[in-house]
Amino acid sequence: MQVVARRLIQLVVVLLVVTFFTSILTALLPGDPVTTIAPFSSAQDRATLRQQLHLNENVVERYGQWLANFSTGNMGREYAGNGIRGTDIWGRIKDTLPRSLTLMLYVQILTLLIAVPLGVYTAYRAGSRVDDVANGIAFFLLSIPIYVAATLMLLFLSVQHHLLPSEGWVSITTNPVEHFKHLVMPVLAITLGQIAVYARLLRTDMVATLQEDFILMAKSKGISERRVLWRHALRPSSLTLLTVAGLNVGTLIGGALIVEVIFHLNGLGFAIYDAISRRQYIALQDYIAVIAIVYVLVNFAVDALYHVLDPRIRGARIG
Amino acid sequence: MLESADPKVAPNAIAAAVEAETPSEETYKKRGIGVFAWISIGWIVFIVVIAFLAPVLPLKSPMIGDYAHPNAAAFSPGHLLGSDASGRDVLSRVIWGARASLLLAVGSVLFGVLIGGLLGLIAGFRGRTTDTVLSGGFNILLAFPQLVLALTLVSVLAPLKTESNGAPPAPHEWAHRILVVILAVGIVSIPILARITRASAISWTQREFVMAARAQGASERRVMFREVLPNVLPAMLSIALLGVAIVLVLEGALAVFGVSIQEPNPSWGNMIYSQLSDLSASPAVWIVPSLLIFLTVLALNYLGDVVRSRFDVRESVL
Amino acid sequence: MIRRKRPAAPGTERFADAPLDGSLLEIEDVKTQFQTERGLVHAVDGVSFSLERGKTIGIVGESGCGKSVLSRSIMGLLPSNVVRHGSIRFEGHEIGSATGNQMRPYWGTQMAMVFQDPMTSLNPVMRIGNQITESLRVHFDVTKEYAEETALSLLTSVGIPEAERRLREYPHQLSGGMRQRVMIAIALACGPKLLFADEPTTALDVTVQAQILDLLKQQQQERYMAMVLVTHDLGVVAGRTDDIAVMYAGRIVERAPTRSLFEQTRHPYTEALLKSIPKLAMPSHSRLDAIAGRPPDLVKVPPGCKFAARCPYAQPKCLTDEPPLIDPDVPGHSYRCFFPVGSQAGADALGRNLAAGETATGLPVRKEGEAVLTGVAV
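Chains A, B and C are the protein sequences, given in the same order.
Following the working numbering, the numbering of the first sequence begins with 1 at its first residue and continues without gaps.
Following the working numbering, the numbering of the second sequence begins with 320 at its first residue and continues without gaps.
Following the working numbering, the numbering of the third sequence begins with 638 at its first residue and continues without gaps.
Source of the hints: derived by calculation from the structure; they are not laboratory data.
It should be emphasised that the depicted structure is a prediction, and the values quoted were computed from it without experimental measurement.
Beta carbons are placed, not taken as given, at the ideal position from N, Cα and C, and that holds for glycine.
A hint or two may mislead.
Said to hold, decoys possible - Stretch-level coverage of chain C by chain A, calculated; a stretch enters the list once three of its residues show a Cβ under 8 Å from a Cβ in chain A:
(1) 739-752
(2) 780-790
Claimed, not checked - Chain C residues, not near chain A, derived (Cβ > 10 Å throughout):
(3) V775
(4) I823
(5) T957
Same shape as in the complex, but just chain A:
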């Protein structure tokens, strides 16, 4: 319980600092939000708008106001050329966040499904031809930028051969087949590089684990090599992978951002880009706060998984 409390406090601290930092940054964004939103409105309307956006106050007060609003769930409105009324930010988050999360989830699942067996096998056959070839391919893959992979796929699979749709998001409840067809390229673009990173990481750990005494002991019990690999060697080796998977959320978000723009998927990443270019600082802060929450929660989950995977850490408390 103590651990949980500590983590929660960490979560709150990180959130506060991150969002405060963002608010400073956004305050520095040049350009006047009001003129961007409503360039042709009357002076009176503009004054009202200024009031609503708390533009007359200084940074700290503005932040305090934002914080008060955010914590009570009032996320404000976003103005994107819809006139003075603007669109509801919370609504936009509700639409876009699940999409980005789904995208990242697919990427993570696909990556693990391929990278784990690959890592295990190349570690088992370390130093062999297969291992060298796999390593070479891994290098190859992780040197391809996501946008290059995305563009290449877009060209061949969509533009030239019309195998897959080039843009848009179809929800899984509407049409599962189309849902996946629209996501094949975006997910693959990110996954290819990730597979290479994860597989190499796992391989390194596994090779080290396979040299340990308890592996020889397991072997001497007469159990099959496959069982030794998967039941005995994999678990202790997966810790680094887990850590990286947690830290990787940042990279995944960046990747999601890119593919969302290229493939016109209306996700949170795209919303952030939108907010930046339209100087919507309240929206931007809300989005970043949401991402920070996701990031810390994921790392929280990673920590919890750590305890499950490695009982030695668990034991420290019982001990």
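We have chain A; now place chains B and C onto it with these hints.
Chains B and C alone, transformed into the frame defined by chain A:
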């Protein structure tokens, strides 16, 4: 115990034990770094030199279009690599673009290494409160997704072209933008470089020779710079190489969002982006810079890996 | 694949299907070589012995002498880049050239090993109970419940209190001695006929060592197993083994029934080992006679007797001819020396060396009171 339970380790342990006290030079045969490493170095040197020499090479203008030949295919007369929609020569743009992209990549990594490396060194060396405070700072910065932070910083530090009067940016604006991106990306890279340097600094600081230097009365600063820093450098070198690769890729990502080098100045990134709307016309325009980014990143990744494994091996044998 | 219909019952039992005549294990001229960067390492260089059920042989030697490699060679646990020569016969079946796949049915059920360091030899992320039941469930057709019951009684029989609780625990939650007991339980789970104990007490506290060794002895007697006890410590094997084989540089240099080895030591190396053990009866601050020098290079193996460089009895003949392993005086007590301890030839050799101040290999030798010391005076 020399005879460990693992037979894989046993032969080396026995061999080492039965030899004379200091392993002879033949035990670590001075292996070269391999042909691929040399190819990688060669490629990088080649690209850097060409980019450096851009002003004196006989290239067509990268920014003024040859309207007579728009969308020329590769190997057409006058345009070795074809031309883009406005007729601008791809070869020339790619070489000038190399200048911009490489300048950016190296600049930001240098910035990150200098500041991040220094901060990490201090944090790792001093430990305790200094470390807690600095590490806290790094972790907070790391909580931002990299790309988002970079995008925000760039937008903050420099206005978009749409906010100026629409004319092509003057040279000083180009330089200004490069500086801005360098600063933004550099800041983003600080926490990672700092973390790695810190980890390395911590492990070296705990070694006995550092204690010995301190015991001899050397000042803290001297110990840090004379004893710990030189040993931390290999780790930093390896991560710097990887960092340049990452920034090169990042520049392209920034271009996708339109905040990298502004048109019509070329960079590898913005050449790729410029074609997103119309991919099949003159594919050379985006394939060539993509290929160049890919090859350079591959070379850098490989070298970074080689540097790292070289120094790791030394560590474990000692 | 050997698959017994009737699973091994825990505790005491005798196996009726073992051959009553002939040895359980017979190895002949076993050689094991590793390919390394420096060349071919001859870790085991021609070892032979036989072992019957219910008997224990101790293999004693310094680090690097090949004893651990030997036990792994016999079991076939070495990686595939290791070359084995010679004959290894288990219950009459030749297994010296068997592959890992061919040996797997034997591991756990016919022969098992207790490893040196229980902290690193037990899987840190797997519960103790599972580590025991795993081999039961892999080899035999048992239900989970039966396996757990067996594990429970195994733990009890190796002397672990509160066995029920221990089943659920992880290795790091146990003390060193208990971990080694668990290791023994795992090794015995499927009722093997041959047990290798590879330095079973080296990683343990002195107070616990005797307990573990007694436990091994007890289990061996109850189960009528053959045991190979590998150690560098002569004190461990004294009184607990039937025969002892002393190894040096990959070869056996002396082999004898335990008592004979201690009472009628023949090989200079064995003599040196005995002398280097501190005894309670010695006055305090007595100098320990360490053996000067280092074991020879196993890649570029020198000719002649391998111990010559460190032997106070060394003569010119020892540099050129390798002494054969023979038992000319007492049958069953074989040794590999031209000038053995306690013989006239040996005494003469020593006398010559002392007079000259050095041996045929140039090793300085001198007498201080009763003790013969080699090497440079400290």
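Here is what the structure says about each hint:
1. Under a criterion of three residues with beta carbons nearer than 8 Å to beta carbons of chain A, the stated coverage of the stretch 739-752 of chain C is upheld, 9 such residues being counted.
2. Residues of the stretch 780-790 of chain C with a Cβ under 8 Å from some Cβ of chain A number 0, which does not satisfy the need for three, so the listed coverage is violated.
3. Once the 10 Å rule is applied to beta carbons, V775/C is inconsistent with being away from chain A; the minimum gap is 5 Å.
4. Not every CB of chain A is more than 10 Å from the CB of I823/C (nearest about 7 Å), against its label as outside the interface.
5. Look at T957/C: its CB is around 40 Å from the nearest CB on chain A, clear of 10 Å, so calling it non-interface holds up.
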